[in-house]
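> Take a look at the letters that make up each chain.
Protein chains: 4
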Amino acid sequence: MNKWTPISIGHVTFQPGNFLLVAGPCSIEGHDQFLEVGGEVQKLGAQALRGGMFKLRTDPDSFQGLGREAFNIAKQVKEKTGMGFISEITDPRQVGDFYDVVDCYQVGSRNMHNYALLKELGKVDKPVLLKRGFSGLIKEWILAADYVRRGGNEQVILCERGIRTFETATRNTFDLNAIAYIKKHYDFPVIADPSHATGDSELVTPMALAAVVAGADGLLVEVHQKPENAFSDGHQALNFSQFATLTDKLKQLLPLVDKQLG
Amino acid sequence: MNKWTPISIGHVTFQPGNFLLVAGPCSIEGHDQFLEVGGEVQKLGAQALRGGMFKLRTDPDSFQGLGREAFNIAKQVKEKTGMGFISEITDPRQVGDFYDVVDCYQVGSRNMHNYALLKELGKVDKPVLLKRGFSGLIKEWILAADYVRRGGNEQVILCERGIRTFETATRNTFDLNAIAYIKKHYDFPVIADPSHATGDSELVTPMALAAVVAGADGLLVEVHQKPENAFSDGHQALNFSQFATLTDKLKQLLPLVDKQLG
Amino acid sequence: MNKWTPISIGHVTFQPGNFLLVAGPCSIEGHDQFLEVGGEVQKLGAQALRGGMFKLRTDPDSFQGLGREAFNIAKQVKEKTGMGFISEITDPRQVGDFYDVVDCYQVGSRNMHNYALLKELGKVDKPVLLKRGFSGLIKEWILAADYVRRGGNEQVILCERGIRTFETATRNTFDLNAIAYIKKHYDFPVIADPSHATGDSELVTPMALAAVVAGADGLLVEVHQKPENAFSDGHQALNFSQFATLTDKLKQLLPLVDKQLG
Amino acid sequence: MNKWTPISIGHVTFQPGNFLLVAGPCSIEGHDQFLEVGGEVQKLGAQALRGGMFKLRTDPDSFQGLGREAFNIAKQVKEKTGMGFISEITDPRQVGDFYDVVDCYQVGSRNMHNYALLKELGKVDKPVLLKRGFSGLIKEWILAADYVRRGGNEQVILCERGIRTFETATRNTFDLNAIAYIKKHYDFPVIADPSHATGDSELVTPMALAAVVAGADGLLVEVHQKPENAFSDGHQALNFSQFATLTDKLKQLLPLVDKQLG
Numbered sequence: 005m006n007k008w009t010p011i012s013i014g015h016v017t018f019q020p021g022n023f024l025l026v027a028g029p030c031s032i033e034g035h036d037q038f039l040e041v042g043g044e045v046q047k048l049g050a051q052a053l054r055g056g057m058f059k060l061r062t063d064p065d066s067f068q069g070l071g072r073e074a075f076n077i078a079k080q081v082k083e084k085t086g087m088g089f090i091s092e093i094t095d096p097r098q099v100g101d102f103y104d105v106v107d108c109y110q111v112g113s114r115n116m117h118n119y120a121l122l123k124e125l126g127k128v129d130k131p132v133l134l135k136r137g138f139s140g141l142i143k144e145w146i147l148a149a150d151y152v153r154r155g156g157n158e159q160v161i162l163c164e165r166g167i168r169t170f171e172t173a174t175r176n177t178f179d180l181n182a183i184a185y186i187k188k189h190y191d192f193p194v195i196a197d198p199s200h201a202t203g204d205s206e207l208v209t210p211m212a213l214a215a216v217v218a219g220a221d222g223l224l225v226e227v228h229q230k231p232e233n234a235f236s237d238g239h240q241a242l243n244f245s246q247f248a249t250l251t252d253k254l255k256q257l258l259p260l261v262d263k264q265l266g
Numbered sequence: 005m006n007k008w009t010p011i012s013i014g015h016v017t018f019q020p021g022n023f024l025l026v027a028g029p030c031s032i033e034g035h036d037q038f039l040e041v042g043g044e045v046q047k048l049g050a051q052a053l054r055g056g057m058f059k060l061r062t063d064p065d066s067f068q069g070l071g072r073e074a075f076n077i078a079k080q081v082k083e084k085t086g087m088g089f090i091s092e093i094t095d096p097r098q099v100g101d102f103y104d105v106v107d108c109y110q111v112g113s114r115n116m117h118n119y120a121l122l123k124e125l126g127k128v129d130k131p132v133l134l135k136r137g138f139s140g141l142i143k144e145w146i147l148a149a150d151y152v153r154r155g156g157n158e159q160v161i162l163c164e165r166g167i168r169t170f171e172t173a174t175r176n177t178f179d180l181n182a183i184a185y186i187k188k189h190y191d192f193p194v195i196a197d198p199s200h201a202t203g204d205s206e207l208v209t210p211m212a213l214a215a216v217v218a219g220a221d222g223l224l225v226e227v228h229q230k231p232e233n234a235f236s237d238g239h240q241a242l243n244f245s246q247f248a249t250l251t252d253k254l255k256q257l258l259p260l261v262d263k264q265l266g
Numbered sequence: 005m006n007k008w009t010p011i012s013i014g015h016v017t018f019q020p021g022n023f024l025l026v027a028g029p030c031s032i033e034g035h036d037q038f039l040e041v042g043g044e045v046q047k048l049g050a051q052a053l054r055g056g057m058f059k060l061r062t063d064p065d066s067f068q069g070l071g072r073e074a075f076n077i078a079k080q081v082k083e084k085t086g087m088g089f090i091s092e093i094t095d096p097r098q099v100g101d102f103y104d105v106v107d108c109y110q111v112g113s114r115n116m117h118n119y120a121l122l123k124e125l126g127k128v129d130k131p132v133l134l135k136r137g138f139s140g141l142i143k144e145w146i147l148a149a150d151y152v153r154r155g156g157n158e159q160v161i162l163c164e165r166g167i168r169t170f171e172t173a174t175r176n177t178f179d180l181n182a183i184a185y186i187k188k189h190y191d192f193p194v195i196a197d198p199s200h201a202t203g204d205s206e207l208v209t210p211m212a213l214a215a216v217v218a219g220a221d222g223l224l225v226e227v228h229q230k231p232e233n234a235f236s237d238g239h240q241a242l243n244f245s246q247f248a249t250l251t252d253k254l255k256q257l258l259p260l261v262d263k264q265l266g
Numbered sequence: 005m006n007k008w009t010p011i012s013i014g015h016v017t018f019q020p021g022n023f024l025l026v027a028g029p030c031s032i033e034g035h036d037q038f039l040e041v042g043g044e045v046q047k048l049g050a051q052a053l054r055g056g057m058f059k060l061r062t063d064p065d066s067f068q069g070l071g072r073e074a075f076n077i078a079k080q081v082k083e084k085t086g087m088g089f090i091s092e093i094t095d096p097r098q099v100g101d102f103y104d105v106v107d108c109y110q111v112g113s114r115n116m117h118n119y120a121l122l123k124e125l126g127k128v129d130k131p132v133l134l135k136r137g138f139s140g141l142i143k144e145w146i147l148a149a150d151y152v153r154r155g156g157n158e159q160v161i162l163c164e165r166g167i168r169t170f171e172t173a174t175r176n177t178f179d180l181n182a183i184a185y186i187k188k189h190y191d192f193p194v195i196a197d198p199s200h201a202t203g204d205s206e207l208v209t210p211m212a213l214a215a216v217v218a219g220a221d222g223l224l225v226e227v228h229q230k231p232e233n234a235f236s237d238g239h240q241a242l243n244f245s246q247f248a249t250l251t252d253k254l255k256q257l258l259p260l261v262d263k264q265l266g
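Residue numbers (our numbering), protein chains in the order written: chain A, 5 to 266; chain B, 5 to 266; chain C, 5 to 266; chain D, 5 to 266.
Just to be clear, a hint being listed does not mean it is correct.
Copies of the same chain look alike in the list, so a pair counts if it works inside one copy or between any two.
Cut-off 25 Å, straight-line C-alpha distance, at most; resulting in silico cross-link-like pairs (DSS-like, lysine-lysine) [stated by the list, open to error]:
1) LYS188 to LYS230
2) LYS253 to LYS187
3) LYS253 to LYS263
4) LYS255 to LYS187
5) LYS47 to LYS263
6) LYS47 to LYS79
7) LYS263 to LYS188
8) LYS123 to LYS230
9) LYS188 to LYS79
10) LYS143 to LYS187
Honestly, the hints are just simulated from the structure, not real lab data.
Isolated chain A, as found in the complex:
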């Protein structure tokens, strides 16, 4: 098992042997929506909450997130639940604004090579969840993490979320080899995002568990109260019942890989 200096996300300490379960909707759509999801995933075992505020969408006509309106919602839900909050940042000019609300900055797949952003995040004292570029080589991903660490911020969590290949039956190809490879060769924590990696809620649970067995130190999972009505990516979000099934199986599985939740 590889090693890393403990990382704090809100009240949670993430260190070797601990398993980090992050869940929440693709986007924050409103106060009640976010609070309901937050309360439910917390009850089922999630230790931190995810939710997009500024969505990075390929199509300029797609829903772009609530933007600054989401800041207050996120703060209120954090206060009510006591959970740490992770959200994606896409612009180096927003690092300061995000600082007041997030407990961990997420760098998305399309920004893995955004060195201006990575350098800025190297200067803060909060953790950075660095997703793999969908066409990033493992060695490029590690070098991207180095951009953050060079700035003085050692708290980098890697997140495998699927790569782009010739196969189109699933949204991406989930490269679990990459997780096992990194656990063998490097001292980074690595978590997995089965929601983007599969793009299909019915595949999320088996693939989430497969990632755990491959060596993942945590999961980042999209959960929504009504996936069919979600503003974005509803086809890959679990509903509460599906998330409960996932967490049940996860709890059975973790002892076999010598890890524990929280």
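Chains B, C and D: place on chain A using the hints.
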């Protein structure tokens, strides 16, 4: 869980809920070598034995297998161990010759599109293990299986062995999504080959177990008494001790996925 | 400019500085159809005729070619036009049967790794057009050519026909870099198939000419009298008027690359 | 031929039928170096000058460009040569600073999905050269261009520079199909960068010309007085003699595609 008509490989019946463990060396290198591996993997739980006789090598200068000399070795080892035998066929003219020695024909990755071979195998009454082409779409793989079934042979086992992508840190990219996807959409048994999918014996065990959790109905694993001396692909073969570790963990894991060995 | 021993295809000698133009329908659909296409492409400058007899189709329900019925048609059209004939072989057992009718054996993309077939073609005294596997590395393609040459047959023509990538807007990604790379590093003639490489008749002409400038020594182009009615791949076949435009532009372009037709 | 509103880069007007030749070193290394290259490429027909100021390097230890020191150099060389200047921008906070020195902003391959940057460039009145992401689908590339145009800036030039595939013999796979496809379906000017697309100076000239025949409206070529001593990417830069050969052949070729330099 998907369904399929029970498939016989030697004395073993492979049906939904059963887990098929196939192990053995990349190539049959000699009688004593093959018997030793066969006896050991059998003791540790393998139900069938693999071993290449005619090796399909990209480089014409590489070791091409013992060829017909391997037929007698395989027959003797089968008799002594009582295990079913699986070996790769690359030429439609050899279907008859193989019939006397194999209990299951293996079609390799580079022959997934070899329709002349697939049609010939559609006429026999022994099972066919059909590996995915390293660049085969899932739908092409299913169509290849249909070539066999059209001929009247319903006993097709699919085997995911990794696909070719831009990533070169591992030998292939193990597409476990494909296993979960096929289990959801089709009624074929699917097994996984973590040896080719990773190309690194240290990654074989975690990735083999990840494949099981993703839904694989079996494993095809390369095992050698001295991987460092193997005639081919030694870097990805498990030694006996590593295979024992794998089977130990596999036995712990199978109850969680409602399957049992044999 | 690289070098190779002159290759004979029917009455045509293909040697460095000569440009080889091969055209014809995807499939031989009947005597009159094939003769009409043959006469027309000959008039416009084609030196050899292509036409599928046994089609290698991914889907077992697709049109599989006229099979042996096409042998007589091909012989008659060869006799009437005097053109050399190239057709795809997919089964090592058919090498002898094909010998009477083809002037050049074509090995298709899905058979680049079919070593049983390649070895058999190494024994004949007619040229082999070896298409690149759609996921074949350049070095694997060269090794496949070596399988043929090891058998004693030096007459190998390579053919780039597009590779499989993440891009799906075009049928394949036409890897013209590969042509320039091979012309720099190896002594093989290389031709290009813009029909499969683009999958769109409107893109065939510019991409055919681009291949010539990249260094291609010839072209393999699909032409049909009524592409919209073709039994297979009609969307990528040129009609006679489009082929006339292509040959006009080709004749203007060849002097700039120091090559001449025929 | 597709259409677009004329685009001004310095004194040059780039409109349908004109061919845009941009050349220069990978990085600005110093005043004399940049002036010498600028003077030479101008003499040979280049209409605009490229040169990196802030280099986007995967490895944080690689040469990162002269940064702000390059601003003055670029201004001086522009004044002395009268050529337009194109340079890569990687950070939305630098749009204003660049405005004083560049005549066209270049968005590099790793920033095609950097929507914060694209939106900022949508507000300026200077053209944007938008390189294709090395794993960007054509449709994503067009949507990225739409991000710029939505902001009010219609002056977008697309640039194909090679995509990432399984083939590693060349640095990238030059997707010339994409150029022909865009010329058929969209009204954007498209230029080609054969330097990054091949990664080998010996392949640059044939592939540059192939791009022209495929439909490219211009070229972006790396040129250096001593490629073997270049601070970055010297293996793919042409020396002056090689660039002279390229421009000679280009001038012969352009009439065949109904275009003219300048």
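> Which earlier hints can't be squared with this structure?
Failing hints, ascending: 8 and 9.
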